[in-house]
Amino acid sequence: MSEAAAVSGTRARPRARHPLAQLTGTRFREFLREPEALFWGFAFPILLAIGLGIAFRNRPPDVLKIAAVTPELARSLAREKLLAVEELPAAAGAAELRTGKVVLLAEPGPGGTVTYRYDDTNPDGRTARRLADDAVQRAAGRADPVGARDELLREPGSRYIDFLVPGLLGMGLMGNGIWLTGFPIVDARRKKLLKRLVATPMPRPYYLLSFLLFRLSLLGVEVGLLLGAGVFLFGVPVRGRFLDFAAICVLGSLAFNALGLLIASRARTIEAASGLMNLTMMPMWVLSGVFFSSQRFPDAVQPLVRALPLTATIDALRMNMLQGATLLQAAPQLAVMGAWLGLSFTLALKLFRWR
Amino acid sequence: MAEPLSKAALRVRQLRKAYQDVVAVDGLDLEVRAGECFGLLGPNGAGKTTTIEICEGLTRADAGEVEVLGLRWDAHASELRQRLGIQLQETQLAEKLTVWETLRLFRSFYHQGPETAEVIALVQLEEKQKSRVGNLSGGQKQRLALACALVGDPDLLFLDEPTTGLDPQARRQLWELIERFQEAGRTIVLTTHYMDEAERLCDRVAIMDHGKTIALGTPRELIASIGVEHLVEFSSDGAAGSVDTGALGRIDGVREVRRENGSVQMQVTELHRAVPALLEELGRQGVPLTELRTHSATLEDVFVALTGRHLRDE
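These protein sequence lines map, in sequence, to chains P and X. Per the working numbering, the first sequence starts with residue 1, numbered consecutively. Per the working numbering, the second sequence starts with residue 1, numbered consecutively.
Worth double-checking, as some hints may not be accurate.
[As the list claims (entries may be wrong)] Below are the EDC-like pairs computed for lysine to aspartate or glutamate, each with C-alpha atoms no more than 20 Å apart in a straight line:
hint, chain 1, residue 1, chain 2, residue 2
1, P, Lys192, X, Glu183
2, X, Lys96, X, Glu126
3, P, Lys65, P, Glu36
4, P, Lys65, P, Glu107
5, P, Lys192, P, Glu271
6, X, Lys128, P, Glu30
7, X, Lys96, P, Glu107
8, X, Lys7, X, Glu183
9, X, Lys96, P, Glu34
10, X, Lys7, X, Glu90
11, X, Lys96, P, Glu30
12, P, Lys192, X, Glu90
13, P, Lys191, X, Glu95
14, X, Lys130, P, Glu271
15, X, Lys128, X, Glu95
16, X, Lys96, P, Glu87
17, P, Lys191, X, Glu126
18, X, Lys130, P, Glu30
[Unchecked claim] Incomplete in silico selection of chain P near chain X, CB under 7 Å:
hint, residue
19, Pro35
20, Arg138
21, Arg142
22, Ser158
23, Arg204
[Claimed, not checked] Which residues of chain X face chain P? A few of them, derived with a C-beta cut under 7 Å, are:
hint, residue
24, Arg81
25, Arg83
26, Ile86
27, Leu88
28, Leu105
29, Phe109
30, Thr290
31, Glu291
32, Thr294
33, Ser296
34, Thr298
Since the hints were derived computationally from the structure, they do not count as laboratory data. Each residue gets a CB set at the ideal place from its N, CA and C atoms; glycine is no exception.
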């Protein structure tokens, strides 16, 4: 049989077929052929940045809507540019106040006084109260003893979007690092593909290394897309050295890859792995300052918050991008990331189950 | 054993393996000669897969010796990996890869072996080589799994339940591929719980039950060993209970008569004499015959004769 004879024909392996190249290529193929992974890994963070960037974009200060019962009051109040005054009968004004259409109702009181009705638990109500009273007092002839001048600060670097983009970068590094390492490994174990691979002469470190190479080569794309969107759409600054920025991203990615490897080291089912991944990532989404500063948590938990790999990654990115800090200045953060990398990787290799 | 030990492709001595409380392999001895197709036949849970996975170096034995191609796993694992072809039960290959990509990946692990295109031709998947694994039929997936075992040009091929779950046509196609490999002079060790598969493919068969070998030989020898060539089975519409089986047992050439699920089974050596005599006897007893079947003894009957159970009993 000619085909049977072909089995015995032996040839040397061409160089292009190096197993590490094949395994890494497999990682790319499996990833690119999974549209959902592409969306969550690449498109979603950008959409989130655009959405939040628009929602929290710098607008002229809000104008507060208030109502006044008499034309005199309305005229005095209209001099304050931050208030939009509506003249209404008392009953209609009270109704608008109750339904939140206006935040304050100004009525003339007994003996030439003014009564302000507002909800003092609503910050807008309190602000309106101060603005309205200032306007009324000044209209009545109050002179301020100290002159004041306003200087407004709306520079790139101090806006919400500038704070947000490094947070989203860190969140992306974590999500992709953990999911794209952990999920395929557990899936392969569940399908007994891992066992099939170790039944071949495949060098086992190559298998793990292929995930590392895959992640590192993808890193430039995923970070580049989000950073590019931040820089070109919103003018987010990168004030530190770009090489330092890249180094932080690589170290962060490696730390999360190692964590993903650790999570995947023993799990046999997707459900178990998903649970572990969520358990790992959820606290960091909340605590690590993606969307708001982690400084807001009480002092007692700050050491814990700062020891999380995502906090360290995001803090280091913010220091680099917003403050132009050097790697040396970010050394404590880098040390935390390095520790997570070393510990997770060592433990993962010890625990890893190949079948 | 007339063969010198060095000629053995696989040698297993006093193999033992227990999981928690279950003893999966219980003092097993095996010897597979170079160039033969050797079958481990037995019901589910007999210890076939555990045995073959210990031989494949995937499971550690509790006790006993295993020598594969004259080498041992603890000392020569990397050389053995290069020389073995392995197909596991229930492996799902990566669904997103194509047939070609899968085989190229597996091929990259081996120092030598046929080109990817040759292996694809060998298992007749040329038309599917650009298809994703997830889109293949069960038989095509199993052929791809076989191809993955062949990419390293193995000296010894392990196949664990190669046709389980396949339709008859896909099974026959896979059998032909295995036979072709066999004709090329390669050694094969396969497990199966299909007696027809073992009879067709295997030069020698070890029948396993409860982690032990209970019979060993060529399919022909094993069938001959139970001293029965044919089996006759009849039923008589509820009246089988009233048949005088003692009288049937006295018919010439009938060895054993058993009632089973409302029918009567007889082990028979000479079919051409026993059947007319049986019909005559049933006529004399006034038993109406609703069904009469005869078949030649198979490995299934060997298993039944040795254990009193069927291979596929769950």
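- Query: Going back to the hint list, which numbers does this structure go against?
  - Reply: When the structure is compared with the hints, numbers 1, 3, 7, 10, 14, 16, 17, 19, 20, 21, 22, 23, 25, 30, 31, 32, 33, 34 turn out to be violated.
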